[in-house]
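Here is what each chain is made of, one letter per residue.
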Amino acid sequence: MKKVEAIIRAEAFISLREALSHRGFGGLTVSEAAGCGKQKGKQGIFRGNKFEINLVPRVKVEMVVDDDQVEGIIGLIVDQCSTETIGDGKIFIYPVEEVVRIRTGERGKEAVL
Amino acid sequence: MIKKVTVLLLLSLVISTSAFAAAPTAQSVQASVDSMWVMIAAFLVFFMHAGFAMVETGFTRAKNALNILMKNFLTVSIAAVLYFLLGFGLMFGSTAGGIVGIDSFILSGREDIGFFLFQSVFAATCATIISGAVAERMKLKSYILLTIVMTGLIYPVVGHWVWGGGWISELGFVDFAGSTVVHLTGAVGALITVLFLGSRIGKYSKGKANAIPGHNIPLGALGVFILWFGWFGFNGGSSLAADPQLVPHVITTTLFSASAAILSSALYTLLRFKRVDPSLTLNGALGGLVGITAGCANVSLTGSLIIGLIAGVILVEAVTILDSKFKIDDPVGAIAVHGICGIWGTAAVGLFDVQNGLLYGGGASLLAAQTLGIAAVILWTTVTVGGFLFIVTRFSSIRVSREEELSGLDFTEHGSNAYELKDTVLESNAAPSPFGTDLVERLNSIGNGNVSNVDQRNTI
Chain W
1 MKKVEAIIRA EAFISLREAL SHRGFGGLTV SEAAGCGKQK GKQGIFRGNK FEINLVPRVK
61 VEMVVDDDQV EGIIGLIVDQ CSTETIGDGK IFIYPVEEVV RIRTGERGKE AVL
Chain S
114 MIKKVTVLLL LSLVISTSAF AAAPTAQSVQ ASVDSMWVMI AAFLVFFMHA GFAMVETGFT
174 RAKNALNILM KNFLTVSIAA VLYFLLGFGL MFGSTAGGIV GIDSFILSGR EDIGFFLFQS
234 VFAATCATII SGAVAERMKL KSYILLTIVM TGLIYPVVGH WVWGGGWISE LGFVDFAGST
294 VVHLTGAVGA LITVLFLGSR IGKYSKGKAN AIPGHNIPLG ALGVFILWFG WFGFNGGSSL
354 AADPQLVPHV ITTTLFSASA AILSSALYTL LRFKRVDPSL TLNGALGGLV GITAGCANVS
414 LTGSLIIGLI AGVILVEAVT ILDSKFKIDD PVGAIAVHGI CGIWGTAAVG LFDVQNGLLY
474 GGGASLLAAQ TLGIAAVILW TTVTVGGFLF IVTRFSSIRV SREEELSGLD FTEHGSNAYE
534 LKDTVLESNA APSPFGTDLV ERLNSIGNGN VSNVDQRNTI
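If you read the protein sequences in the order shown, they are chains W and S. First residue of the first sequence? That's 1 in the numbering used here, and the numbers climb one at a time after it. First residue of the second sequence? That's 114 in the numbering used here, and the numbers climb one at a time after it.
Each hint should be verified, as a subset may be incorrect.
To be verified - Listed next, with one range per pair, are the computed distances between beta-carbon atoms:
no., chain 1, residue 1, chain 2, residue 2, range
1, W, ILE74, S, GLU430, 53 to 59 Å
2, S, TYR473, W, GLU52, 31 to 37 Å
3, W, GLU11, S, GLY311, 42 to 48 Å
4, S, LEU414, W, GLU52, 25 to 31 Å
5, W, GLU71, S, SER514, 55 to 61 Å
6, W, GLU11, S, GLU526, 53 to 59 Å
7, S, LEU308, W, CYS36, 52 to 58 Å
8, S, ALA175, W, LYS90, 32 to 38 Å
9, S, LEU471, W, GLU52, 46 to 52 Å
10, W, ILE74, S, PHE439, 31 to 37 Å
11, S, ASP147, W, GLU52, 56 to 62 Å
12, W, GLY41, S, VAL389, 41 to 47 Å
What the hints assert, rightly or not - With a Cα cut of at most 20 Å, we get these calculated PhoX-like pairs of lysine-lysine:
no., chain 1, residue 1, chain 2, residue 2
13, W, LYS42, S, LYS440
14, S, LYS316, W, LYS50
15, S, LYS440, W, LYS50
16, W, LYS50, W, LYS109
In case anyone wonders, no lab produced these hints; they're calculated from the structure. The beta carbon of each residue, even a glycine, is placed where N, CA and C say it ideally should be.
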């Protein structure tokens with residue numbers, strides 16, 4: 001099993017969510033994230049004093065899926081979330097050692113399906 | 114006018130019963146109308162305190178909101194009581210050599226309560242100017258002590274000099290509603306206090322001024338509208354009579370100057386910072402109002418537009434210079450608004466007075482009197498506030514500790530926060546704060562086609 005972690009633009013989340021559920025991927029975890037990469041931050045000004053906003057807001061989407069589904073999801077995310085401009089985000093893939101469903105104690109693949 | 118009075122007179126004849134023995138005369142009706150107007154104006158000036166409270170709260174950080182509100186409320190009440198006991202007598206009592214009033218304390222021997230009421234809401238305005246400049250770092254009890262001295266002594270003496278038949282008024286000095294008496298006095302007090310107090314932690318680093326954005330600019334904007342509204346009473350009521358020519362003129366010059374100042378400060382920030390700066394434009398409105406306060410009855414409508422236009426530019430420059438060059442940390446811009454624009458407004462009477470102004474061929478004598486008056490008020494306020502704070506700071510600091518300042522004055526001085534208590538999780542019977550509810554709500558609303566919430570996140 002693998003964990004797919006994608007940092008995406010907040011405005012891309014809607015279409016990604018729809019595309020994922022269309023393909024039958026129901027489970028995911030979303031959180032707000034802030035970070036920086038190649039994209040430069042913004043410069044603000046308050047009462048004549050400049051200030052930098054170096055961290056830009058993004059949404060982090062995490063899913064745990066079967067190994068053979070990973071490429072499909074990557075394709076989906078790139079498809080839905082790319083605007084071909086700097087700041088589209090990243091996808092990270094991690095191996096998952098074990099999954100336990102808390103309600104039943106089920107383990108492994110059964111726990112995520 | 115005569116027609117109206119006659120109608121009112123006839124009406125009151127019909128309404129009045131035998132209980133009112135004396136038949137109303139034209140004079141008594143006029144007195145009632147005048148009194149009515151001054152009362153309405155007093156309510157408007159009182160409401161300005163809501164404006165001050167909102168501007169000061171909105172322009173500073175959320176962690177100090179309660180502290181600012183408490184300072185504003187306490188100022189109003191201290192001023193009302195103290196002005197009755199002491200201030201009014203010092204200001205409007207029989208003069209002792211043009212320096213100070215010596216009777217009429219607790220209104221003894223006075224029957225003009227309406228006049229007292231109007232003046233007492235003014236006194237609170239002067240002191241409350243300081244609370245914005247010293248926000249986020251001054252101890253509440255030190256501020257209260259200062260307010261007592263400002264409303265009990267410093268302001269009434271200035272008021273006596275200018276409005277109570279004192280020596281400055283003898284010079285021909287014109288300050289119709291208080292650009293100098295109220296605003297400049299308050300601002301000089303604020304400046305001296307800030308010099309004793311120092312800047313907020315994090316305001317200046319490596320010799321550079323940092324931005325500390327206010328937490329609720331819409332609240333500040335509401336405050337500016339309230340102040341503007343109240344200012345119609347502040348200037349209009351200073352006629353002290355419902356004069357059918359003077360009052361509309363005063364209110365129109367007040368409207369014009371503020372409007373012109375908003376336009377010029379918005380445009381000037383655009384030229385200078387490449388952005389229309391909202392909080393500086395809001396300050397610009399107040400700068401225009403302070404600027405017209407001295408001359409609102411003495412300048413023409415065109416004159417008021419010019420005074421406002423110049424006040425807007427002066428305000429932006431003054432805020433920037435005080436902030437970056439002199440490193441005077443004034444979170445709400447009170448010193449620039451009330452001090453620098455107060456000086457401009459008072460001096461502008463010497464230029465734009467339609468009878469004695471320099472630009473109207475009236476010579477330089479009025480301008481000289483205005484300048485002398487400004488200098489005297491600055492000197493008096495500097496010496497008294499400086500002397501008072503010098504003594505107070507020998508005994509204890511007027512500033513909260515570093516830890517208190519960082520965690521916010523709300524919790525350390527008042528025991529709670531203005532908007533939320535972060536540690537409700539720790540209360541045994543309360544459900545744990547659902548972390549991220551905010552996010553859940555916003556993301557769920559996306560499904561209903563509501564995109565705007567997420568979009569807003571992306572444009573800080």
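(request) Could you work out which earlier hints the structure fails to respect and list their numbers in ascending sequence? (result) The structure conflicts with hints 2, 4, 6, 7, 10, 12, 13 and 16, although it agrees with all the remaining ones.
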